[in-house]
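Participant: Build out the structure end to end from the sequences listed, making use of the hints.
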Amino acid sequence: VPASSIPDPQGLHIVARLNGEVMQDSNTRHMIFSVAELISHASIGTTLLPGDIISTGTPSGVGAFRDQPIFLHDGDVVEIEIEGIGVLRNTVEQQ
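For the sequence shown, the numbering used here gives the first residue as 9, with consecutive numbering after it.
These are computed hints drawn from the structure, not numbers from a lab. Positions of the beta carbon are idealized from the N, C-alpha and C atoms, including for glycine. Hints are supplied without guarantee of correctness; some may be wrong.
Cβ pair distances, simulated, as ranges [stated by the list, open to error]:
#, residue 1, residue 2, range
1, I93, S51, 14 to 24 Å
2, A44, T66, 17 to 27 Å
3, D33, P10, 18 to 28 Å
Facilitator: Next comes the structure, spelled out in structure tokens:
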């Protein structure tokens, strides 16, 4: 996704789903470090290329800290969606 198509990286809706159920729902404006700061830090000593992914941590709603803890199992589908960017979908595979 070209940077020019994201007018405000500090205002993007982020959703995490586990098997289709929303686990986390937040916005980049709530991050401790701005997107620009994360990119700046990540690019120290390495060149970021198109398609690189920077993991930013997680908003509230982490499964292990819920009243009824939720953990990943073989076959679970985890989706991370960021407004204007797309969906990253992975299936958990126990090894």
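Participant: Does the structure break any of the earlier hints, and which numbers would those be?
Facilitator: none
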